[in-house]
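In case you want the letters, here they are:
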Amino acid sequence: MRPDTPKSPNAPQPNQYKQDPRFKTAHKEAWIGVALAIFNFIWWFGFAYGLGGRPVEEYTYILGLPDWFFWSCVVGFILMSLITVVLAKFVLTDMPLDDDPAYHPNPPNFHDQKGPNS
Amino acid sequence: MNIGVLIPLILFLIAIFAIGFIASKQMGSGGSFLQDYFLGGRELGGFVLAMTMVATYGSASSFLGGPGTAYTVGFGWALLAMTQVVTGYFVLLVLGKKFAILSRRYDAVTMIDFLKARYNSPAVAILSAIAIIVFLFSAMTAQWVGGGRLIESLTGLSYTSALFIFAISVLVYVTIGGFRAVALTDAVQGAIMIVGTLILLIGVIIAGGGIPAIMQDLLNENPRLVTPFGADGSLTAAYVSSFWILVGVGVVGLPQMVIRTMSYKSSRAMHRALAIGTIVTGFIMLNMHLIGIFARPVLPGIEVGDKVIPLIALEVLPPWLAGIVLAAPMAAIMSTVDSLLLLVSSAIVKDVYLNFIKPDAPEKRVKMLSFGITGVLGIIVFLLALQPPDLLIFLNLFAFGGLEAAFIWPIVLGLYWKHGNKYGALLSMLTGIGSYIAIHFYNQEYGNLLGVHTVTLPVVLSLLAYLIGSLAVKREPFQF
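Residue numbers (the working numbering), protein chains in the order written: chain A, 1 to 118; chain B, 119 to 598.
The set of hints was computed from the structure by calculation and includes no laboratory data. Ideal Cβ placement from N, Cα and C applies to all residues, glycine included.
With a straight-line Cα cutoff of 30 Å, these simulated DSS-like cross-link-like pairs (lysine-lysine) come out: (1) B:Lys-216 / A:Lys-28; (2) B:Lys-536 / A:Lys-28; (3) A:Lys-28 / B:Lys-592; (4) A:Lys-24 / B:Lys-592; (5) A:Lys-89 / B:Lys-216; (6) B:Lys-216 / A:Lys-24; (7) A:Lys-24 / B:Lys-536; (8) B:Lys-143 / B:Lys-485; (9) A:Lys-89 / A:Lys-24; (10) B:Lys-592 / B:Lys-536.
Derived, one-sided and incomplete: chain B residues facing chain A with beta-carbon distance under 8 Å: (11) Leu-197; (12) Val-203; (13) Val-204.
So here's chain A without its partners, still in its complex pose (with noise of 0.2 Å):
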């Protein structure tokens, strides 16, 4: 831990009793994910079982592939690529990680080799 630096005398302090407000906003965003996963599994497992559960010969086939595999696997993985794209840009709450970010500034080149991305 840093000395402290002049411009955190309204610092928030941690406080022992109340629960950290940034935590409601972690549990919800939890419960989504669990949400999903469920949402997944249902999808996973209705097309596979539901249309790959006909006999061999009534398989049509979709861009070459059986047409359980296709719902099931491709559609499933396209769809929950996009949930979860629409959940980073739209739902999901940007808030700070650390308890008091005056007491954690970035040292200066702390910062020189992010991903691409960031």
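Following the hints, complete the assembly by docking chain B onto the known chain A.
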């Protein structure tokens, strides 16, 4: 052996070395050495975070074993592999911001630091450290054997020299570069996996005369290859679905994944990693397993599953391109062992030495020790991988399922349930590991209990154990 295949592989190794050196130069630019070496200073951006999660998790089995099984079993195995798409978003969303915030608040550098702060119990810390060291050490050795075998089959070198090349490459960049080197090389390795997968898929489809033709060949050979039930009809819905626990949601309990969810720079990095991780995981899993299936009509009669991908690459691609593509499984193996190596080393230095032996060790000593232990561990693994002892192979069987059963509830419920306490955590870990080993033997003897994968019941039992332990002994809500 073909020189054309070797050149891209050698270039790949040189690039990986270079990244290790660059990462080691950046170390010590701020923060403490431990944070830097074992956690990359918590500064991973979205892209690197996503790639290091995918690459660490995508091991030899995703690139060699999995597609090899798909070759034998057909679409049923690809269906099973797609349960892994969930890991791309589940681990990050469920541990999520609360874990990131708390691990910063507790100044946690390892998963055990978090457990220790949350449960305030040396017993929990010791038991976790033992589990991590024993199981991950065994898992790491098994992966090294895989890496050695792959180089052996590609170059025609003897197994010993192949393993030596593999060991030196991994050791150098992990020892000097730490977590940052691991994460950065993972990003490069992940990119190689994506490109390699795509090239090989196109090559196989062309060699097979288009997907409809391949499908017709499969139908002529055995119609069950295109059903979800496997070539011999033995893949049941219950068995395949239970893989949602082993390779999907249960991954939340694996230390090598947990450590990554506390290493990112900001919540924005996490959001980005969530989407990139899902897309990359799904892309690699879908395409690698399709390659395995499509390889069947192109190159029939391969007996050893692990050889399907190397053989098909050499068959359908020009040598230099095959070299690039075959760097992908090598990247997958390397990026798994490098994180395991660092994790075992952090468990020894941080969780055992600094916690219990010498909490006030000076920074310089810690530094020497971290480099030293990482290097020595690597050498021990190399020696063991030359001739893996039975015990190691035996322990490796339990590594991932056992760790998931042990840690999933102490981590997840410890994070979200204030009534969880050390009694629950201890009982849950012991129940998880114990029942996993017991059910493993039962399943070997009598076939899968209730028709599901071995890991399923231990995860349920360890949940019950956690609830009973937490509620029965002493109920005291935890202040986060």
